[in-house]
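Engineer: All chains, please: the whole structure from these sequences, using the hints.
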Amino acid sequence: MSSDNLAHHQSTINHVLNTDTFSCVWCGLTVSAQAPDGTRRNHCPSCLHSKHVMDQIEGGPSACGSKMSPIAIAVLRTGDWMIIHRCVRCDELTSNPVSTDDNQLILMRMAVRPLAQPPFPLEAFGTL
Amino acid sequence: MPRRTQSGGRKNRHRPQRYKDVLHGNGGHRANDFRCAGCRLDVSLVAPGTAHRNHCPNCLTSLHVDHRIPGDRASTCHGRMEALSLTVRPDGEWMIIHQCQSCGELSANRIAGDDNMLPLMRLALRPLGAGSIASSALLTTL
Ligand SMILES: [Zn+2]
Ligand SMILES: [Zn+2]
Ligand SMILES: [Zn+2]
Ligand SMILES: [Zn+2]
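Same order as they appear, the protein sequences are chains A and B. The first sequence begins at 1 in my numbering and counts up by one. The second sequence begins at 1 in my numbering and counts up by one.
It should be emphasised that the hints constitute simulated quantities derived from the structure, not laboratory data. Hints are not guaranteed to be accurate.
From chain A, some residues computed to sit far from chain B (all C-beta separations above 12 Å) [what the hints assert, rightly or not]:
| id | residue |
| --- | --- |
| 1 | Trp26 |
| 2 | Cys27 |
| 3 | Leu29 |
| 4 | Val31 |
| 5 | Ser32 |
| 6 | Ala33 |
| 7 | Gln34 |
| 8 | Gly38 |
| 9 | Arg40 |
| 10 | Cys47 |
| 11 | His49 |
| 12 | Gly60 |
| 13 | Pro61 |
| 14 | Gly65 |
| 15 | Lys67 |
| 16 | Phe120 |
Result set (SDA-like, lysine to any residue): computed pairs, CA atoms no more than 20 Å apart in a straight line [stated by the list, open to error]:
| id | chain 1 | residue 1 | chain 2 | residue 2 |
| --- | --- | --- | --- | --- |
| 17 | A | Lys67 | A | Gly38 |
| 18 | A | Lys67 | A | Ser32 |
| 19 | A | Lys51 | A | Gly65 |
| 20 | A | Lys67 | B | Arg89 |
| 21 | A | Lys67 | A | Leu115 |
| 22 | A | Lys51 | B | Arg68 |
| 23 | A | Lys51 | B | Ala108 |
| 24 | A | Lys67 | A | Asp37 |
| 25 | A | Lys51 | A | Pro61 |
| 26 | A | Lys67 | A | Cys47 |
| 27 | A | Lys51 | A | Cys90 |
| 28 | A | Lys67 | A | Cys24 |
| 29 | A | Lys67 | B | Pro90 |
| 30 | A | Lys51 | A | Ser66 |
| 31 | A | Lys51 | A | Val112 |
| 32 | A | Lys67 | B | Ala108 |
| 33 | A | Lys51 | A | Asp20 |
| 34 | A | Lys67 | B | Arg68 |
| 35 | A | Lys51 | A | Ser62 |
| 36 | A | Lys67 | B | Val88 |
| 37 | A | Lys51 | B | Arg35 |
| 38 | A | Lys67 | A | Glu123 |
For every residue, glycine included, the Cβ atom is placed at its ideal position computed from N, Cα and C.
Structural biologist: Structural data, given as structure tokens:
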């Protein structure tokens, strides 16, 4: 597909998604499928849960369709945050960008969770 | 329908297991070692606290050898997997999220008792680094 065609294709998708909503599989909230920056949402901004619709290993759609729980924050070299989701049924992992209207409290809780439960005494690090 | 009466007669005749010349036997050269794809350290597969070591205890690097099931060794990728993030299981145990640098696949792996604390702490502190969303959010709430 040429870049012109791709751009047209993208704008068509965005146009369709403007009025599109989905119901969160976890908390039931009805949310717009489009995030504030115009990209397509893949998780609920309120509880950050997602749905297993894409097969990350083989590519393409997944037959699973189960709930995906947010389990970790990953920081890219660019400084951007990603949410790591794990499917509650098949354990597959996905990584997706954080949206500007994602629940900050849940994001922060996930980010500091490893430090709150260290597997070794943090005193070993002195003034880290 | 299988005829069980025939095999029933053999039940008491114990045949000793034939000796198998397997590659992962104890006698093989470096049978229990691997060389880390990240720091080139020679690492023993035996790890304290886990049944099977899947990442380097020094730099936490792993290799993409498993497909869908941990330990199935069915992947043909064999790319280098770098520690991307940490997650905490409900029982409090830390898991490393690895990401393959060749194909992007993610996997979650238990930490071992002798994993280097410094790279683990660096991972844990990454979201709180200078200029991150977390540190600016913390500063505005304090
Ligand atoms: Zn929700
Ligand atoms: Zn699934
Ligand atoms: Zn290493
Ligand atoms: Zn790979």
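Engineer: Now, for every hint given, state plainly whether the structure supports it.
Structural biologist: Each hint tested on the structure:
At roughly 17 Å, the least C-beta separation between A/Trp26 and chain B is larger than 12 Å, which holds for a residue marked as non-interface. Every beta carbon of chain B lies more than 12 Å from that of A/Cys27, the smallest distance being close to 20 Å; the non-interface claim holds. Look at A/Leu29: its CB is around 23 Å from the nearest CB on chain B, clear of 12 Å, so calling it non-interface holds up. Residue placement check: A/Val31 keeps its beta carbon more than 12 Å from all beta carbons of chain B (closest about 21 Å).
For A/Ser32, the non-interface assignment is confirmed: its Cβ lies about 22 Å from the closest Cβ of chain B, beyond the 12 Å cut-off. Non-interface status of A/Ala33 relative to chain B is upheld: no Cβ of that chain comes within 12 Å, the nearest being about 24 Å off. Distance to chain B confirms A/Gln34 as a non-interface residue, since its nearest Cβ pair spans about 22 Å, more than 12 Å. For A/Gly38, the condition that its CB be more than 12 Å from all CB atoms of chain B holds, with the nearest at approximately 20 Å.
Here A/Arg40 stays apart from chain B, with its beta-carbon at least about 19 Å from theirs, past the 12 Å limit. With a least beta-carbon separation of about 17 Å from chain B, A/Cys47 lies farther than 12 Å from that chain, consistent with its non-interface assignment. No Cβ of chain B approaches the Cβ of A/His49 within 12 Å, the least distance being about 15 Å, so the stated non-interface status holds. Taking the minimum C-beta to C-beta distance to chain B, about 15 Å, the non-interface status of A/Gly60 holds against the 12 Å cut.
In this structure A/Pro61 is separated from chain B by more than 12 Å, as the shortest Cβ-Cβ distance comes to about 16 Å. Distance check on A/Gly65: its Cβ is at least 17 Å (rounded) from any Cβ of chain B, clearing the 12 Å threshold; non-interface status holds. Interface exclusion of A/Lys67 from chain B stands, the closest Cβ pair being 16 Å apart, more than 12 Å. In this structure A/Phe120 is not separated from chain B by more than 12 Å, as the shortest Cβ-Cβ distance comes to only about 6 Å.
Using a Cα cut-off of 20 Å, the hinted pair A/Lys67 and A/Gly38 is violated, with the two alpha carbons roughly 24 Å apart. Restraint check: the Cα-Cα separation between A/Lys67 and A/Ser32 comes to about 18 Å, which is no more than 20 Å; the hinted pair holds. For the hint pairing A/Lys51 with A/Gly65, the CA-to-CA distance comes to about 6 Å; that is within 20 Å, so the pair holds. Of the pairs offered as hints, the one joining A/Lys67 and B/Arg89 holds, with about 17 Å between alpha carbons and a cut-off of 20 Å not exceeded.
At most 20 Å may separate the alpha-carbon atoms for a hinted pair to count; A/Lys67 and A/Leu115 exceed this at roughly 27 Å. Pair hint A/Lys51 plus B/Arg68 holds up; C-alpha atoms about 18 Å apart against a cutoff of 20 Å. Distance restraint check for A/Lys51 and B/Ala108: the Cα-Cα separation of roughly 19 Å lies within the 20 Å cut-off, and the hinted pair is therefore satisfied. Note on A/Lys67 and A/Asp37: the hinted pairing is violated, with a Cα-Cα distance of about 25 Å set against a maximum of 20 Å.
The straight-line distance between the Cα atoms of A/Lys51 and A/Pro61 is roughly 12 Å, inside the 20 Å bound, and the hint therefore holds. Straight-line distance between C-alpha atoms of A/Lys67 and A/Cys47 comes to about 12 Å, which keeps the hinted pair within the 20 Å bound. With a C-alpha separation of about 12 Å, the suggested pair A/Lys51 and A/Cys90 falls inside the 20 Å cut-off, and the hint holds. Between A/Lys67 and A/Cys24 the alpha-carbon distance is near 9 Å, which keeps this suggested pair within the 20 Å criterion.
In summary, the hint linking A/Lys67 to B/Pro90 is supported, as the alpha carbons are separated by about 17 Å, within the 20 Å threshold. As the CA atoms of A/Lys51 and A/Ser66 are separated by approximately 6 Å, the hinted pair is consistent with the 20 Å bound. A hinted pair counts as satisfied when its Cα atoms are at most 20 Å apart, and A/Lys51 with A/Val112 does not qualify at roughly 24 Å. Restraint check for A/Lys67 and B/Ala108: satisfied, since their Cα atoms lie roughly 18 Å apart, inside the 20 Å limit.
Using a Cα cut-off of 20 Å, the hinted pair A/Lys51 and A/Asp20 holds, with the two alpha carbons roughly 16 Å apart. Restraint check for A/Lys67 and B/Arg68: satisfied, since their Cα atoms lie roughly 18 Å apart, inside the 20 Å limit. Restraint check: the Cα-Cα separation between A/Lys51 and A/Ser62 comes to about 10 Å, which is no more than 20 Å; the hinted pair holds. Taking the CA atoms of A/Lys67 and B/Val88, the gap is near 19 Å; set against the 20 Å cutoff, the hint holds.
Simply put, A/Lys51 and B/Arg35 have alpha-carbon atoms about 38 Å apart, too far for the 20 Å limit, and the pair is violated. The straight-line distance between the Cα atoms of A/Lys67 and A/Glu123 is roughly 38 Å, outside the 20 Å bound, and the hint therefore fails.
The structure shown violates the earlier hints numbered 16, 17, 21, 24, 31, 37, 38.
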